[in-house]
Amino acid sequence: MDVMKKDAKSLRSVLGRVRGLGSAKEGVQHWWLQRLTALALIPLSLYVVGTFFNAVVFGSGYDSAIGWLHSPLAATSLILALVAGFWHAALGVQVVIEDYVHCEVMKLTSIIAVKFAAVLFAVLGILSVARIFFSGLPHV
Amino acid sequence: MLAALASSPHCYETFTSWFHNPLGQILLFGWSAAFFYHFWCGIRHLLWDAGLFLELKGVYATGWFVVGISAFSTALTWAKILGWMS
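Chains as they are written, first to last, in this note's numbering: chain R, 18 to 157; chain P, 41 to 126.
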């Protein structure tokens, strides 16, 4: 709590002095985004898993899956689920790595790799949804 | 999955053929169970963040509730799937 005492001789503000001193080196944003994406994923994940089983795993094949993705509701939900899902996953895996990988080089490398992979797969998924949504009939 | 669907019908059929053999379906069952467990545990965590069920009794009760409702959700999903398939 020493750092919180206002030193009359110092021109630095209290906030300026405490910034960067905690073990996390950052604020509450990571925690908050994990919760926010979790909240968004409650309806989105149920919808995506439901339609995945329905139209893809036990559906009637390619045409029914393509037809499903031509609906604006399905395409919108899927893109939102891809963004929220991969974001949530990257944040979650980052916490696991931070907690269990103790070698600093390995820790930083794997966190960066996880974030790059999450963005890669999210972009791939969004591009695929967009390609199907904006394409005309199946078998083009 | 989406990339396979966007690529070609053949690519997509190759992908879905995984779900039509026993190994693929066992993996799918495990994945669905893991999904529901993660889903309900996540809601339990959000309730904790809201300040609910934080006393030891509530922690135990919601813990067992999560186990039960996860098993129930998974069973319900597969009952529906097996119903569709037959």
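Read the hints as simulated data drawn from the structure, not as lab findings. Be careful, since some hints might not be right.
If the Cβ cut is set under 10 Å, some of the chain P residues that face chain R in the computed set are [what the hints assert, rightly or not]:
hint: 1; residue: 43
hint: 2; residue: 60
hint: 3; residue: 61
hint: 4; residue: 68
hint: 5; residue: 77
hint: 6; residue: 79
hint: 7; residue: 83
hint: 8; residue: 85
Label pairs and their calculated CB-CB ranges [unchecked claim]:
hint: 9; chain 1: R; residue 1: 112; chain 2: P; residue 2: 67; range: 19 to 29 Å
hint: 10; chain 1: R; residue 1: 77; chain 2: P; residue 2: 112; range: 34 to 44 Å
hint: 11; chain 1: P; residue 1: 115; chain 2: R; residue 2: 30; range: 51 to 61 Å
hint: 12; chain 1: P; residue 1: 43; chain 2: R; residue 2: 123; range: 37 to 47 Å
hint: 13; chain 1: P; residue 1: 111; chain 2: R; residue 2: 33; range: 12 to 22 Å
hint: 14; chain 1: R; residue 1: 71; chain 2: P; residue 2: 111; range: 18 to 28 Å
hint: 15; chain 1: R; residue 1: 35; chain 2: P; residue 2: 57; range: 29 to 39 Å
For clarity, every value in this text was computed on a predicted model and none was experimentally measured. For each residue, glycine too, the CB sits at the ideal point set by N, CA and C.
CB-CB spacing for residue 33(R) and residue 111(P) relative to the 12 to 22 Å hint: Between residue 111(P) and residue 33(R), where Cβ atoms are some 52 Å apart, the hint is violated.
C-beta pair residue 77(R), residue 112(P): status relative to the range 34 to 44 Å that was hinted: violated, 28 Å
C-beta pair residue 112(R), residue 67(P): status relative to the range 19 to 29 Å that was hinted: With Cβ atoms ~26 Å apart, the hint holds.
Minimum beta-carbon distance criterion (10 Å), residue 77(P) to chain R: Since chain R brings no Cβ nearer than about 13 Å to residue 77(P), farther than 10 Å, the hint is violated.
Interface hint compliance - residue 61(P) to chain R, C-beta minimum distance less than 10 Å: violated, 12 Å
Supplied distance hint 37 to 47 Å, evaluated on CB atoms of residue 43(P) and residue 123(R): At roughly 30 Å between Cβ atoms, residue 123(R) and residue 43(P) fall outside 37 to 47 Å, so the hint is violated.
Residue 79(P) as an interface hint toward chain R, with CB separation required under 10 Å: The hint holds - residue 79(P) has a Cβ within 10 Å of chain R, the shortest such distance being about 7 Å.
CB-CB spacing for residue 57(P) and residue 35(R) relative to the 29 to 39 Å hint: Given about 58 Å between the Cβ atoms, the range is violated.
Closest C-beta approach of residue 85(P) to chain R relative to 10 Å, hint status: Check passed: Cβ of residue 85(P) comes within 8 Å of chain R, closer than 10 Å.
Status of the residue 83(P) interface restraint (C-beta, 10 Å, chain R): holds, 7 Å
Assessment of proposed distance window 18 to 28 Å (beta carbons of residue 71(R), residue 111(P)): Given about 22 Å between the Cβ atoms, the range holds.
Evaluation of the interface hint that places residue 60(P) against chain R, nearest CB under 10 Å: holds, 9 Å
Consistency with the previously given hints fails for numbers 3, 5, 10, 12, 13 and 15, ordered from lowest to highest.
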